[in-house]
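Chemist: Please build the complex by placing chain B on the supplied structure of chain A, with the hints as guidance.
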Amino acid sequence: MAFLSRALPLAALLGAGQGLAAQGVRASEYQVKAVFLFNFAQFVDWPAEAFPAADTPLVICVLGNDPFGDALDQTVRDERLGSRPFQVRRYQSVDEIKTCHILFINRSEGARPEAILAGLNQRAILTVSDADGFAQRGGMIRFVTDRNRIRLQLNLAATEAAHLTISSKLLRVAEIVRRTGS
Amino acid sequence: MARLLLGLVLVLLAEPAFAQQPDSAAQALKRLSIEQLMNLEVTSVSKRPERLAQTASAIQVITQEDIRSSGASSLPEALRLASNLQVAQLDSRQWAISARGFNSTSANKLLVLIDGRTVYTPLFSGVFWDVQQVTLADIDRIEVISGPGATLWGANAVNGVINVITKDAKDTPGVALSGGGGTELRGFGTARYGGQVGSAARYRIYATRFARDPSALPSGQDAVDDWHLGQGGFRADWDASTITHVTLQGDLYDGRIGQPSAGDITVSGGNVMAKWSRTISETSGLTAQLYYDRTNRDIPGTFGEDLDTYDVDLQHQTRLGARHDLVWGLGYRLINDRITNTPALAFLPAHVARQWFTGFVQDEIALVPDRLHLALGTKIEHNDYTGFEIQPSGRVNWTLSPAATLWAAVSRAVRTPSRVDRELYAPGQPPYFLAGGPGFHSEEELAYELGYRHQRGSFALSVATFYSRYHGLRSLEQVNPPAATPIVIANGQDGESYGAELTAAYVVTSRWRVRAGYTELRVHVWPNPGSTDTSRGLTESQAPDRQLFVHSSADLPAHLRLDVGLRAIGEIARAQVPSYEELNARLTWQPTAKLDLSIVGQNLLNPRHIEFGAPGATRREIERGVYGLVEWHF
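Chains as they are written, first to last, in this note's numbering: chain A, 1 to 182; chain B, 1 to 634.
In short, the hints are calculated from the structure, not lab data. Where is the CB? At the ideal position from N, CA and C, for every residue including glycine. There's no promise every hint is true.
Examples of chain B residues lying across from chain A (beta carbon under 8 angstroms, computed) [stated by the list, open to error]: (1) I34; (2) E35; (3) N39; (4) Q64; (5) E65; (6) I67; (7) D171; (8) P173; (9) G174; (10) L177; (11) R186; (12) A593; (13) L597.
Next up, chain A with everything else stripped away, as it sits in the complex (with noise of 0.2 angstroms):
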């Protein structure tokens, strides 16, 4: 009889070899977004101000509710990026921030960007959201979740505003979109 596909996708139910399961690995949205934020780092650079020294920590900001719960930092802990260090620092708001080379905006923020983006002055911080219509709206990177997979929507003007370099490696897999509405 019909069974309840929320919980347990078709797949899940019918199949043999759900190797990630089996092995108790779970994967849950914002964990994997924390890596996607951590993985960021190595396919962006910075101008070179935005480091004044050799290892001046990678800073990885939240802005707004965390919804990340303890995945970011768990994800950086003990990493570096060559001689960086990261950290993560969490504000509330966006006249809080300081250092910060990657910010997170809560969805519920991120919805109306445009008074936060005029706040950061185009700084070379990588704005991301998962907020609709982010990237259209200026900022940087979109998650848009899509049948339960992670897509990244960059816009490169606004990257390029910001004087931050897009590996290609990144730009492989995004899909590149333009700013409109202004």
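Modeler: Frame of chain A; chain B shown alone:
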């Protein structure tokens, strides 16, 4: 769109290193490339990721992107995107849809679910496609399995399962308006609003309405089967806690369909459903679902039906030791079916209440973790017609390399009796020309399947082959041979089917994607000794020997996008329905992210064509159609 295999059915994500770090999901995820991360199925907190590529069955997935680009305007049209289904349009509203043959308007070996709600009618174990009006833009994906899914899904999942999954309310925020019209799809409009209550609950409400032009008779005359339907509904999703998710949803509809010689057919109904899921631990979860569904259908001159369905299901998954993943569930369904009999036909008794009890268990055993997995399970069901039915299956999945997977399965499935088989009489008063078979028992299937999947870079391929034996297929037996009538329904036929289903997808460039599907199918049905059925299965199975689909999606300059879908369908039933080729195309202009303007052409190659049915003056022909569509969201 990026160089992602968005329309891709199969995702191979075999990275053995990934699973060897059960202590830290984050560490495992960091080993994946960005492409692999994008291929990983994520789920909200309580759910687990899955790899479609490792499913030991013939599954095809129709994504939202596929539906959109096809220009499909109804659920049956969208189902043409799965090449492992046989989909044929009879007239403006009736469809014959099946997998692995045995197709008819009352096809009875396919289970269809919308968000876990069975849309099957116990009248004939099939689907009234004209009232399954899911708002296509709100569909997340449609999973289509050809072959038996009975162990987990139960009776009726003999030759396939279609599982329509709508989007979580969090994925449909804001206002979306769409509307348009054209030659066949005369006019339609949909409005949706998605909002939020607090930070954890989201909802959407929608209303939709459409009018469709009649199909055509062979004489070229209008078949007077124009139809109109309005529907509204809602869905709310609430993350009650980080481990508890609750969904409430419901729909209401009302429609009218023209008939040439009697009053209009009227249809109405609705459903309401609640789902609750909870993560108990890292390796265990519990889900419960409850729904009520009502459908009313009045076909003046033929019959009327009022059906209430009550259904409750419970499911638990847990890990036992290092190698066993166990999932089990219990279900109960009650139907209350009231038929208004007419001089043309009668269901006797007219009013029945029937109940089903089901239980299933499946253990997935990691014989060699991440390489060789075996799933053994069975469904046990009790129904009011035949008592207990047992439907076991064994499936094995062998990951040959990160790019290649081989799978095999043996399953038993049954199609339990429906009201048509036991309780149908025609005409409505004695002497009867046709009578239901009081001894009609379940049709049985034993299916053997073997499949292979491969993905490397931007190319993906899958092959599923099958051989099935059927016992006790429905037959029409002469009561007093050689007198042609009266006839009684019985289980006098056996049969076999075999074939292969192929799909391939190729990302040519970041702006051009191509998919193709090809299915070969043979069905043979024969009467058992003593049977007087001479149909050779034609009343039970009408399906083409082969069908080919090719879809191309191209992003063009100037915010334009062109999607083209070609289908070539073989003849049916010894040329009663000739083979045909047809083409659908959609051109979309997206001047801003908020506005889409599209023109869709359907069945462009021929002014009219036939997809199903016996030759005759009343067989309906499907006409070429063009419609324009405006979509605005903000």
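Chemist: The structure should be examined with respect to each hint, and the outcome stated for every one.
Modeler: Here is how each hint holds up against the structure:
1. I34: holds (6 angstroms)
2. E35: Since chain A brings a Cβ to about 6 angstroms from E35/B, closer than 8 angstroms, the hint holds.
3. N39: holds (6 angstroms)
4. Q64: At about 7 angstroms, which falls below the 8 angstroms cut-off, the nearest Cβ of chain A leaves the hint on Q64/B intact, so it holds.
5. E65: Status holds, d = 7 angstroms.
6. I67: Given a least distance of 11 angstroms, the restraint on I67/B is violated.
7. D171: At about 7 angstroms, which falls below the 8 angstroms cut-off, the nearest Cβ of chain A leaves the hint on D171/B intact, so it holds.
8. P173: Hint on P173/B: holds, closest Cβ of chain A at ~6 angstroms, below 8 angstroms.
9. G174: Constraint on G174/B satisfied, holds at 7 angstroms.
10. L177: violated (16 angstroms)
11. R186: With a minimum Cβ separation of about 31 angstroms from chain A (threshold 8 angstroms), the hint on R186/B is violated.
12. A593: Constraint on A593/B satisfied, holds at 4 angstroms.
13. L597: violated (14 angstroms)
Hint compliance for this structure: hints 6, 10, 11 and 13 are broken, all remaining hints hold.
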